[in-house]
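Protein chains in written order, with our numbering: chain V, 1 to 390; chain W, 391 to 741.
Mixed in with the good hints there might be a few duds.
As the list claims (entries may be wrong) - According to the in silico footprint, chain V covers these stretches of chain W (three or more CB under 8 angstroms from chain V):
(1) 392-401
(2) 623-633
(3) 650-660
(4) 703-709
(5) 723-736
Unchecked claim - Per the computed footprint, the stretches of chain V lying under chain W, defined by three or more beta-carbons under 8 angstroms from a beta-carbon of chain W, are:
(6) 145-157
(7) 282-289
(8) 292-305
(9) 364-378
To be verified - Derived CB-CB ranges, DEER-like:
(10) V:163 - W:628: 21 to 29 angstroms
(11) V:221 - W:731: 44 to 52 angstroms
(12) W:525 - V:288: 55 to 63 angstroms
(13) W:622 - V:373: 24 to 32 angstroms
(14) W:404 - V:288: 18 to 26 angstroms
(15) V:24 - W:631: 29 to 37 angstroms
(16) V:114 - W:638: 46 to 54 angstroms
FYI, nobody ran anything at the bench for these hints, they're computed from the structure. In this text, all values refer to a predicted model and were calculated from it rather than measured experimentally. Every residue gets a Cβ at the ideal spot worked out from N, C-alpha and C, and that includes glycine.
Chain by chain, the residues run as shown.
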Amino acid sequence: MSEFREKVRAWLAENVPGDEELATAKRFQAALYDAGLAGITWPKEFGGQGLTSAEQQVFDQESARYDLPNSVFRIGMGMCGPTILDLGTPEQKARYIPPLLRGDEIWCQLFSEPGAGSDVASLQTRAVRDGDEWVVNGQKVWTTVAHLADFGALLARTDPDVPKHQGLTMFLIDMHDPAVTVRPLKDMTGRAPFNEVYFENLRLPADAVLGQVGQGWLAAVTMLGHERVSIGGFVRKRHDPLAHANLAETARRYGRDADPVVRAELAKLYAAERALALFNVRLRQEAEAGSPPGARGSVAKLAGAQLQQQAVAVAGLIAGPRATAWEPGDAAGEELALAINQTPSSSIAGGTDQIQRTIIGDRILGLPREPVVDRDVPFRELRVGTQRPA
Amino acid sequence: MQLVLDTEQQQLRSTVRKLLADHNNVRSVVDGDDAYDAALWRHLAELGLTGLVVPEELGGAGAGHVERAVVLEELGRALAPVPFFASAVLAVDALVALGDTQVLPALAAGEKIGALAVSPEWGPAPVSATERDGGWVLDGHAPFVISGDVADVFVVYSADGWFVAEDARRTPLTTLDPTRGQAKLEFAATPARRLDTADPAAVLEEVRDLASVALAAEQVGGIAKVLETTVEYAKVRVQFGRAIGSYQAVKHACADLYSTSERAESLLRHAAWAADHDREALPLAAATTQVFTGPAYFAAAASGLQLHGGIGYTWEHDAHLYYKRAKSCELLFGGHDEQLARLAGRLDGVS
Ligand SMILES: Cc1cc2nc3c(=O)[nH]c(=O)nc-3n(C[C@H](O)[C@H](O)[C@H](O)COP(=O)(O)OP(=O)(O)OC[C@H]3O[C@@H](n4cnc5c(N)ncnc54)[C@H](O)[C@@H]3O)c2cc1C
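With the hints as extra help, turn the sequences into a complete structure.
Encoded structure:
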C-alpha cells in the first residue's frame with residue numbers, strides 16, 4: 001500500500017497544474033520590479049525606487065483602470081514591508097525587502113488568535129527563551145494567505161508577568177518550518193483565503209526579533225497604522241461588481257435603469273463613492289504638503305466599509321431575484337453573489353468598524369478614553385477572550 | 391485638481407472667522423425685531439466679500455468660487471443672519487451670467503441687496519412680462535423668495551425670460567429657519583428691465599449649479615460647527631461619573647459626525663475647484679455635492695442636538711438653529727428628490 005501511496009503522490013505532484021493565479025501574480029510582480037515600478041517610495045538601497053508619493057499617486061491613478069493580479073502581495077507590500085523598513089536591522093532589511101519587491105516571497109500577518117481579535121494585546125501564543133533561541137507554542141487564526149506565505153510577522157508573548165502590552169515581542173518567521181502547521185479555514189464565501197496556524201516548539205534564532213524584545217506592541221501599532229492606510233487607500237478593483245459604474249451598467253442590462261427608485265439609489269451611491277475618493281485625494285495632497293494622515297486613515301477604512309454595505313443594498317434593488325439564483329456557470333451571477341458575501345469582511349478585517357470609530361474618537365477628536373481594567377495588571381492574572389491565560 | 395486651501399485662502403478663512411466672532415449677532419434676528427444683521431452686512435461689504443466673484447471692472451474683487459466657498463463656510467458655521475446667499479450668490483451669479491453692468495456694482499459693494507425669484511422647483515416663476523411704452527412690466531407672483539423680505543433688487547426668471555425689478559409688493563413669510571427670511575413677491579404692472587440672453591434656461595442651470603456649490607459650503611461649515619460644539623460638550627458633560635464622550639454610544643456618534651464632515655468637505659473642495667477651473671466638470675460635481683451634503687447636514691444637526699440632551703432642545707441653545715437651517719437647506723431647489731433626479735440625469739451622460 002505504501003508503495004502505491006508513493007506512486008500516487010509522485011504522479012499528482014508532477015501532473016496537477018500549479019496554482020496558475022499564483023504563478024501569474026509572481027510573474028506580474030517580477031515584471032513590475034524589472035520595469036522599476038515596484039516599491040516606488042521605498043529606499044533604493046533595498047530595491048525600491050526612492051521616489052515620492054507624487055509618483056505613487058500617478059501609479060495608483062493609472063493602475064486603477066486595471067485589476068492588477070498581484071493582490072497576494074498586499075500584506076507584504078502594505079504592512080510587513082513598511083514595518084520592517086521602520087523597525088528592522090540593516091541585515092533584516094537587506095534580507096527581506098528586495099525579494100518581497102521582486103515578488104519572490106509572500107508574507108502574512110500572524111496577530112489574531114481565537115481569544116484575541118480586537119484586543120490583540122491579549123494574545124496567548126508564547127515565545128520562551130532557550131539559550132540563544134526562542135521556542136514558540138500557540139495558535140493563530142484568520143491568517144490571510146498563510147497557506148501561500150513564505151514568511152510571517154508573528155506577535156507573541158515573551159513575558160506573562162508584566163501587563164499585557166509590555167510582554168509582547170514581534171518575530172519574523174519562516175512559514176515553511178515543519179514546526180508550523182497551516183490549516184485552511186473556509187470563510188462565508190465558501191473559499192479559504194485565510195487559515196488557522198499552529199506552532200509546536202517552533203525554534204527561532206535571536207535575530208528573528210523585529211524591533212526590541214518586549215516592544216512588540218510598538219511594532220504591532222506600527223504595522224496596524226500601515227494596515228489602515230493600505231486598506232483605506234486601497235483602490236477598488238475595476239471590475240468590482242459593487243462599484244457604481246458597474247452597478248449602473250448592470251441596471252441597464254437588466255432594464256432597471258429607468259426605475260426612479262433605482263436611479264435615486266444609484267445617485268446616492270455615486271455621491272458616497274465620490275466623497276470617499278475625493279477624501280483620499282485630499283489626504284494625499286495634505287501628506288505631500290507635509291501633514292501625514294495619522295489616524296484619519298480610519299475614516300477611509302470606516303467609510304469604505306459603509307460604502308460596501310450601501311452598494312450591496314443597491315445591488316439587491318437592481319438585481320432582484322437574479323441575486324438569489326442563477327444558471328450554473330453564469331459568471332455575472334457568481335460575481336455578484338461573491339461580492340455580496342464578501343462585504344461583511346470589510347467591517348471586520350483590519351479592525352472592526354467599532355474599533356475604527358473608537359480610534360477616531362480618541363485620537364482625532366480627543367474624547368476621553370474608556371476606563372480600562374487591565375492596563376496595570378500582570379497578564380497572568382487577566383481573563384482574556386473567553387478564558388483565563390494559560 | 392487642488393483640494394487643499396492655499397495660504398491666502400486659509401488667511402481669508404481666519405479673517406472671516408474673526409470678523410464673525412466679533413460681530414455676528416444671530417440672536418438679534420432670532421429673538422429680536424431685526425430682519426437681518428445690518429451691521430454685520432456692512433462689515434462684510436467693507437471687506438469686499440459681497441462682491442467676491444464680481445469682475446473688478448464692475449466693482450467686485452474678481453476672486454474665485456473657492457474663495458467664496460471659504461466665506462460661505464464661515465457664514466454657515468456662524469449661522470450669520472445676512473442675505474449673502476440671496477444677494478452675493480443667487481442674484482450676483484445670475485447677473486454675471488447675463489452680463490448685467492447696471493445693478494452689479496451696487497450688489498458687489500453691498501449697497502443694495504439682491505434676491506432671485508424663481509418657482510420653488512427652480513423653473514420659471516409664475517410671472518408674465520408685457521412690453522409697454524418701450525419698456526416692460528411684470529404681473530404675477532413669486533412664492534418663497536429667499537431674503538425677498540429685505541431685498542432691494544429682484545432678479546426674476548419667468549417664462550418670458552430674465553428681468554430686473556426694483557419694486558414689488560412683498561409679504562414676509564414665517565420661516566422654519568429663523569435666521570434666513572423668505573417672502574412672497576407680487577408684481578402688478580411693475581416696471582422691469584429685460585436682460586437679453588440667447589438661452590435663458592441655460593443661465594438658470596448655471597446659476598443653480600453655482601448655488602449648489604455655495605449652499606454646500608454653508609452646509610459644510612454647519613456640519614463642522616456641529617461637530618466641534620458636540621465634541622466639546624461630550625468632553626465636559628459628566629453623567630454616571632464619566633464624561634459622556636467616554637461612552638461608546640456617544641463617542642461613535644461623534645466619530646460618524648467627523649467622517650461625514652471630512653467627506654462633505656472633500657466633495658465641496660472639488661466642486662468649488664471645478665467652478666473656477668473646470669466648468670465642464672461643474673454640473674456633475676455640483677449635483678453630486680448636494681446629494682451628499684443635504685441629508686448629511688440634517689443628520690449631523692439632528693445627531694448633534696441629540697447628544698446635547700435636554701439642553702439641546704431648549705430655545706436658548708443654538709442646536710435647534712442648526713437643525714432648522716439644515717432642514718431648510720435640504721429642501722431648497724425642489725428638495726432632495728429633485729436633487730437625486732438631477733444627479734441621476736447627469737450620470738446618464740457619464741458612464
Ligand atoms: C477576511 C479577514 C481577514 C483577516 N486577516 C487577518 C490576518 O491576515 N491576520 C490577522 O492577524 N488577523 C486577520 N483577521 C482577523 C481580524 O483582524 C479580526 O477578526 C478583527 O480584528 C476582529 O476581532 P475578532 O474577530 O476577535 O472579534 P472581536 O474582537 O471578538 O469582536 C466581536 C464584536 O465585538 C466588538 N468589539 C470588540 N471589542 C470592542 C470594543 N472595545 N468596543 C466596541 N466594540 C468592540 C467588535 O467590533 C465586534 O463587533 C482577519 C479577519 C477577516 C474577517
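Status of each hint after checking the structure:
With 3 residues carrying a beta carbon less than 8 angstroms from a beta carbon of chain V, the region 392-401 of chain W meets the three-residue requirement, and the given coverage holds. Counting residues of the region 623-633 of chain W whose C-beta lies closer than 8 angstroms to any C-beta of chain V gives 4; at least three are required, and the coverage claim holds. Residue count for the region 650-660 of chain W with a Cβ under 8 angstroms from a Cβ of chain V: 8. That meets the three needed, and the coverage hint holds. A stretch counts as covered by a chain when three or more of its residues have a beta carbon under 8 angstroms from one of that chain; for the region 703-709 of chain W and chain V the count is 0, and the coverage is violated.
Evaluation of the coverage hint for the region 723-736 of chain W: fulfilled, as 5 residues show C-beta separations to chain V shorter than 8 angstroms, against a requirement of three. Evaluation of the coverage hint for the region 145-157 of chain V: breached, as 0 residues show C-beta separations to chain W shorter than 8 angstroms, against a requirement of three. For the region 282-289 of chain V, the assignment as covered by chain W holds, since 4 residues bring a beta-carbon within under 8 angstroms of that chain's beta-carbons and 3 suffice. Counting residues of the region 292-305 of chain V whose CB lies closer than 8 angstroms to any CB of chain W gives 4, which reaches the minimum of 3, so the coverage claim holds.
Only when three residues or more bring their CB closer than 8 angstroms to a CB of chain W does the claim for the region 364-378 of chain V stand; here the count is 8, and the claim holds. For the pair residue 163 of chain V and residue 628 of chain W, the supplied restraint of 21 to 29 angstroms holds, since their beta-carbon distance comes to about 28 angstroms. At about 47 angstroms, the CB distance of residue 221 of chain V to residue 731 of chain W agrees with the hint of 44 to 52 angstroms. As the Cβ distance of residue 525 of chain W to residue 288 of chain V is approximately 57 angstroms, the hint placing it in 55 to 63 angstroms holds.
Range check, residue 622 of chain W to residue 373 of chain V: about 28 angstroms between beta-carbon atoms, so the 24 to 32 angstroms window is met. Our hint of 18 to 26 angstroms for residue 404 of chain W and residue 288 of chain V holds, since their Cβ atoms are close to 23 angstroms apart. The given range of 29 to 37 angstroms is broken by residue 24 of chain V and residue 631 of chain W, whose C-beta atoms sit roughly 59 angstroms from each other. Range check, residue 114 of chain V to residue 638 of chain W: about 24 angstroms between beta-carbon atoms, so the 46 to 54 angstroms window is missed.
In the structure shown, a violation is registered for the earlier hints numbered 4, 6, 15 and 16, in ascending order.
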